[in-house]
Each structure stands twice: as structure tokens, then as C-alpha cells.
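Trainee: The residues making up each chain are set out below.
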Amino acid sequence: MSEKSIIQVKNLSVSYGNHQVLKNLSIDIPDNKLTAIIGPSGCGKTTLFKTFNRLIDDTDGIKVSGEVLVNGENIYGKDIEITHIRKKMGLLNQRPTPLPMSIFDNVAFGMRLQGLKDKKELAAKVEHYLRLASLWDELKDRLHAPAAALSIGQQQRLCLARGLAVEPEIILGDEPTSALDPISTQHIEQKFKELKEDYTIIMVTHILRQARRLADYIVFMYLGEIIEHGPTDEIFNNPQQKLTQDYVKGVFN
Amino acid sequence: MNTRRKITSTFFETLMKLSAFLIVAVLLYILGTILYKGIPSLSWEMISQKPSAGFYMGGGGGILNAIVGSIYLAGGASLFALFFSLPLVIYINNYAKKNGKFVQVIRLIMDVLYGIPSIVYGTFGFVIMLALGWTVSLLAGIITVGIFVFPILVRSMDEVLRTVPPEVNQAAYSLGATRLETSVFVSLRQAMPGILAGFLLSFGRAIGDAASVLFTAGFTDNIPTSLTQPAATLPLSIFFQLGSPFEEVRNRAYAAAVVLTVIILIISILSRLVMKHFSKYIIK
Amino acid sequence: MTNKRNSFRILADKLSGKVFLTFAVIACSLILLILAGLSFKSYPLLKHVSLFKVIGSSIWAPADGKFGLLPFILSTFLITILATVFAVPVCLLASTYIVEYASNTVRNLIMPVVDILAGIPSVIFGIWGVLVLVPFVSFLGKTFNIATEGYSILAAALVLAVMVFPVLINIFTEVLRTVPNDLRDSALSLGATKWETISKVIYRKAAAGLFAAVILGFSRALGETIAVLMVVGNSPLIPKSIFGMGYPIPALIANNYGEMMSIPMYDAALMTAALILFIIILLFNAAGRLVLIKLEKN
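Residue numbers (the working numbering), protein chains in the order written: chain A, 1 to 253; chain B, 1001 to 1284; chain C, 2001 to 2298.
These aren't lab readings, by the way, just hints derived from the structure by calculation. Quick caveat, the model's predicted, so the values are computed rather than measured. Take the hints with a grain of salt, since some may be wrong.
[To be verified] To give a feel for the contact side, a few chain A residues facing chain B, derived at Cβ under 10 Å:
1. 54
2. 59
3. 61
4. 64
5. 67
6. 95
7. 98
8. 146
9. 163
10. 169
11. 172
Ideal placement from N, C-alpha and C gives every residue a C-beta, glycine not left out.
Whole structure, please, built from the sequences with the hints as guidance.
Mentor: Here it is as C-alpha cells:
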């Protein structure tokens, strides 16, 4: 591959008990692009995705072998400090997961952990990131209300602002619009289009049209294996594999 | 035949209703009995003064020593238990392997400890006291009762922390938080209503229990001014006054029982309010 | 600066893991500590007299150095069994009502009542027992011509029954709730009446859990002290009838702690009583919990 890649997966296998979820995967995720991982449910796309920031470690009885390199550094290596890796990646879950605190504190959380104490600077940064997520105008008068009181769509954009505030290089989205209403979905998609100029975005989605609309690069998975990957145009218009053809045509789901 | 089956069904349904009603009725009967017997002897003097010299023979004064002693003891014991239970509960929920063997064993042990009666903790506290060469004191009482309410606190906090959705913690991890930071700033926040309710629950248990303090806290007509002095408690004060041959003293015991009951009811209501108030930040 | 800060954060995290683990281990060793402490203090007596002799003898004469615990053990079990017999049917029916019949409004009314009942101090139950149950037992004695002082095993069992209501109801309702709805629906659709569904399907399905609840309720009743002490009469003889007086182990310990250091071996005898109580309750508790854990897994 000629382009620079930010995440390189090498011979990655993940098993849960006796069940092998990912079977010896290798792939390079291109830098500064929006990559969509698609495939029918149960194909392992969420599992693959969770290996990128090692949130997979939290799962019971999981075994991971192989390497995942982020900027050339193996995050499954021995002396890796996991919090350091995770900070590089902002995460959006299927359902928004605000932290149990105020709107302001949600955005300030990561920055405070990094040692930012100056109140003025903190307030300015919170405003900046809320603006970036198009939330500032809606929320500026109730920054100290509990985040749990926001609508789901607002919560998801708050999670985006919160993730951006730790200045990540990569944004991870796990079906980030699946719990949202159409308007909020449109909001998030619009944000992704803007953000991919400055960030690498990797998202899992089961909505083919969404992948086609947003992604520059597609990874198609089936039963724990990567069947095909390539630029969006190629995957949708000229897939090399029969399985990919059937899937993008909607023969199975 | 069918009518007989139907009648049987209706019969048992009525029996069930009666049983449920019986439970409510028993509570009301107990509260009613205590209030009826105690309120006539209740006075401001009783709850605002220490016992005078002839108190247990019908002299003047009140049970302020026991009220304050109980609050010191229950507060101290609950704080003591909180200090030990918080790290444990955080450990099994955020640090240890989820649902691993170790965590299961800890939960089993805590459940078993939960079922050990206070009289056993009382004797155990006494053994510790002797081993350390202490005499009866507020501190010895606090430690004994603290051990007694420890499993109660562990259980109520664990119940809440267990229900924190894993995504909430993961969100904090993905922002670069360590396990400690996630525990302190996120899990504890999320579990705060449960922690406070658990604290109040154990406070209520501590203030109402007599068997565990019998050996260790001692009894005194004074209000303790240091941890090394003995302390009176409400249940024991009630118990001793009931043993008196003087009717006036026994009547005051009933009044003291009203005071204790009211404290328990206030704690119960308070814990419900606290739950409600602190749930607003909670992510469901 | 940032690096220094980060290495500090990581160090704090690792250190906290070790400290928290230490707390967990200490807490878990509490059972062993209690066992060791009570054994240590019982040893002076058990060195002279075997445990079986202490359990098997019915002569309680501390001044003569005779410490037979049999009357106390029998009292303890008699009162607890009787209390369980009283409480289980009432609680099972009430719990069934709460789970199977009651509307949300009624449920939200009864469950707080159960919570409040659970929080009422032992001494309050004791007063109620003295004022209400003791005269009630006297009244029964007069009516049926049975000699009784009112202060009796029966009065103690009645007070204990009420005190274990909350334990039983909480676990019963929890267990009954785990019975899947399909089972109810299929029994009802086969033409069973509601009671037939409950007694033949739901109780049967939940049997193990209900049994565990009874064990746990029983073990809770074994250790109750003050309320029982106040109504049981405290006579150290082998109980002859439920209208007679009894003297369970917790009451024995609580009543005599004052002079336990003044008579030789008395403290060791009381500690032996506490040790026996602890071991019995430990076993019952562990058994009940293990059943519940096994059920939860399935």
C-alpha cells in the first residue's frame, strides 16, 4: 500500500473460550481517511474494532494474539501503558455514554486528567469543543446540568466533544448513529465529514448506505475474517470477491 | 369438579392477601404499641438532659447520654466500615477479573459474614479488646459494630456498582483515565446514591443493635468526650430501664423506645430521599 | 511535566490495585480471625472437658465448674424451628401475592413496609413481645389450662417469626421472580387455575431457591439475641414444653457477660457457646448461599 497507514493489524486472532472470533487478521488502516468496517452481525467487526484501543481486555475469558501497531507501536507489547494508547483515540459507542456528571465536567474530564487546572483555559477549551460538536448554542446556558438529562442525540454529540477534547489522532465510532433519530444521525454524519479532514476516523456500521456516503475506505468482514478491503468505490462498484458482491447488493445481511 | 378447583384457587388467593396484610398489620401493631406506651412519658427533659443521680430509681434527667452515645457509635462504626468496604468493593468491580473465581469467593464470604449475628461480633470484639489490653470504650464499640455493619455496607454498595453499565467505565478508559481515576471520578459518582443509602442503612443497624455493644462499649451516664471513654447506647439504655422495678423508669424506657424508633424511621425516609436526590447524575 | 505527571498517575493506579487487594484479603480473613479468636478463648475449657461432653451435658452450674450447654442448644433449635414453622407459610404466601398478584401500587406499599420491619431494632421487638406476646401466651395458657408464665419458648418463637419476615420475604420474592413467564403462561393456557399454576409449577420450579431462603431465614433466627432474651424466661433447664421457659445460646452470652471474668472458666464456657453458635450459623449460611449461587449460574 502506497498510502501511510496509522493502524496496522498483524496476524491478529481473538478467541472467547473455545470460540474463535477473529481468525488471523492482517490489515492496514489508512491515515487521515474515514474507514468503515462492514459486515453482517456476528462477523467480528465490533471485536476487531475493540482491539484498537484494547477495551477488549475488559471482556471475560478473552484471548488475543498477534499485533496491533498504532503509529508503529505494538499496543499489545509488553511495556505499553494502556491509558496512553487510549487517549489517542476518541470513542463513540452505539448508545451514547455520558459520564455521571455535568455537561461541562464531561468535556473537561479528560483535560483535567492531563493536568489542566487553569479555570479560564478549561472553560475556553470546553467551549471550543462544544462548538466543534455544534452543541454550544444549545447548551451554553445549562453547562452545569447533569449530562444524563440531555436528549440521546445531544448526548452522542457531547460524547464526541468529550472525545475530541483529549486531542486524539483517531476517532472510533461503534455504530455511532444506531440509537439516534434521523436528525441526530444527520448531525453526526455531517460532523464526521468535517472531522475527517483532520483526524483518522474508523467506524463500524451495518448500514451500507451510510458506509457508502461517508467512507473513503471499506473493510468487509465475514465470519471473523476480512474478505476484502479497498477504497469505497472499488468495494461497491467493482468487488473482487463473490461474497462482497452479494453483500453490497444486499443478497444477505 | 371445576367449581371446586376454582374455589380452592380463590381460597388460596384470599389466604395470600391475608398473609400480606398480616405483615403490614404486624408492623403497624408494633409501631402502635411503642407509640401508645411511650408517648405519654415523652418529655423535652428526657431527650435534652443526662441522667441525674437517682435516674434509675425514678429521679430526674433524661437519656441524652444514650442518644449522643448511639449517634457517635453508629456514625463512627459506619465510617470505619466505609473505610474498609469502599476499597474492597472497588477492587472486585473495577480491578479484579470480572466474575472470576476470586471475586466469587469474596462475594460468598461477604454474604456469609452478612448472616453472622451481632452477638458473635460482640464476643469477637471482646476478644480483640482483651488481646489489645483495652477496656470498654467508645473506640472498642466502634470497631466491633464497624465489623458488624461492614458486610452490610459491602453488599449494598456492591449491588449498585455491579449495575453500572460497563460502557460508562469504558468511556472513561477511552478518555485515558486509569482504573483508579475511573473508580474515583466515575464509578463512585455513579454509585453515590447506593453508597449513601448503604451508609444510612448501616447507620440504622448500628444504632439499633444492642448485642454487639454489650461487651465493648460499656455504659455511662456521661457523654463521652474521647474515644477511650465508655459510651451509652439507646438500646442498652432502654434495656436497663426496662429491668427497673420502678414503674416510672419502665415508662421512660418506652419513651426512649419511641425516640429510637423515630430515629430509625427518619433514617429510612432519609435514605429514600437521598436515593432520589442523587440519582439525577446517574446514567441508566 | 506531563510525563512526570503521567508516570505518577500510573504509579498511583498500580499502587491502588495492590492496596485494594490487601483490603479484600484482610476482609476475607475475618471469618478465620473470628474462628481463631473464639477458639483461643474457648481452649481453657475444652482443654479439660471435651467438646462433646460440653454439648452433651445438661448440668449448668458455673460456680461448681459445670458447663453443660445442652439445654441452651436445645432451646436455641426449638425456638428457631418453631419460629421458622410460623414464619415460612405466612411469608411464602405473602411473597407469592407480591410477585404473582399484587399491582405495582400495592407492591410499592408492601416492600417499604418489609424494609422498615427489617430496620426495627431488636430491643423494640422485645418490648412488643413483652407487652403483647407474653400476655397472649398467658391468655392461651389460661384458656387451655396449661401452666405458663407467659415468658416462654412460644413467645420467643413468635417474636422471632416476625423478625425473620423481612429476610424470608426478600429472598422468596427474589427467587419467585426468576421463574420465567413462559412457564406461567403455558400452565395457565393448559387450563390450570392460578393456584394450580403456583403450587404445581412455580413452587416446584423455585423449590431449591425457596429452600435456600428458609435455611437463611433459619440461620438469621438462630443468632437473634435481645428480643428473644426479653421474652423467653431464661431458665437453664431442658425445655419441657413450648409454654415453658427456655434459654437460647445468644441470651446466655448476653445475660452473663458481666460476671464472666469473676468465675473461673466462665469466660471460656461462654466463648465456647459463642464458638458453637458461630460454627452452626456459618454452616447454614454457607449452605444457603451456595444453593443460591448455583441457581444464579443456571
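Trainee: Check the structure against each numbered hint from earlier and tell me which ones fail, lowest number first.
Mentor: Hints 4, 5, 10 are the ones this structure does not satisfy, whereas the remaining hints hold.
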